[in-house]
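Q: Sequence:
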Amino acid sequence: MIQKWHFSILILTCLLLGSSANAQTPKAYLWETEFDLELPSRGNWGFTFGAGSRYLFAAEVEGETVKENIQQHLELNHFTAYNSSESLTISLGLRYRFREVFEEALQDEIRIIEQLEYSHLNAFLSPEHRIRFEQRFREATIFRLRYQFGVSQPLSPDSSLGLSTEFLYSMANDNRPKIEQRFGLELENSSVRNLELSLGVEYRRDDLTGFPGTEIFLITGAVLQL
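In case it helps, the numbering used here puts the sequence shown at residues 6 to 231.
Keep in mind that the hints were calculated from the coordinates and are not lab data. C-beta: ideal position from N, C-alpha, C; glycine also. There may be inaccurate statements among the hints.
What the hints assert, rightly or not - Label pairs and their in silico Cβ distance ranges:
id, residue 1, residue 2, range
1, 74, 152, 31 to 39 Å
2, 74, 49, 40 to 48 Å
3, 154, 198, 29 to 37 Å
4, 70, 159, 35 to 43 Å
5, 81, 123, 23 to 31 Å
6, 229, 158, 19 to 27 Å
7, 130, 110, 42 to 50 Å
8, 52, 174, 26 to 34 Å
9, 87, 146, 20 to 28 Å
Required output: the full structure, derived from the provided sequences and hints.
A: Structure representation (structure tokens):
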């Protein structure tokens, strides 16, 4: 049974996202989905292959729709992870994002990802930290530092509710740095053997020190463990 404070967190988050989205322009509404395949681990090593996509429902500026119903990209991912302990995982990832096929003015993106994850085992709300450093090769080369903090609470033996926030700092050639903040709410379910499903919403505030914009994502995912 879901405790009362779970409902309080859910209601508060929805109110914050809704009020912020109404107050900010421009804004966009998107759907992002990903499917990952986890191979059997060998010792401390783990390997994951995945595919994902992003779809734009609508983008608005000053209340007027400027874009709608656009497939933004498809992507292929791979991560090699090393579990140095029960709490600490170090990963190296490679991502190829197909963009040009959907918009000729854009270039496909190659992304290299260095990642560190640390979990507080047997702690209240199971806090987790994730640090990423990314090199994004596209129209301009972008270097991005990301830090995510999240907590989760089991709702049943097979499901859990998670909250997270992520800070991003990007640098690209001679352009000024950009700062972004994200907030996420996610429900996970693993009632099917070796399959984990997730459904969530994410609120993003982009370019906070320049020309801020708002993006609201519906996020779905599935992870199959072989």
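Q: Hint by hint, which ones does the structure fall short of?
A: No hint contradicted; all consistent.
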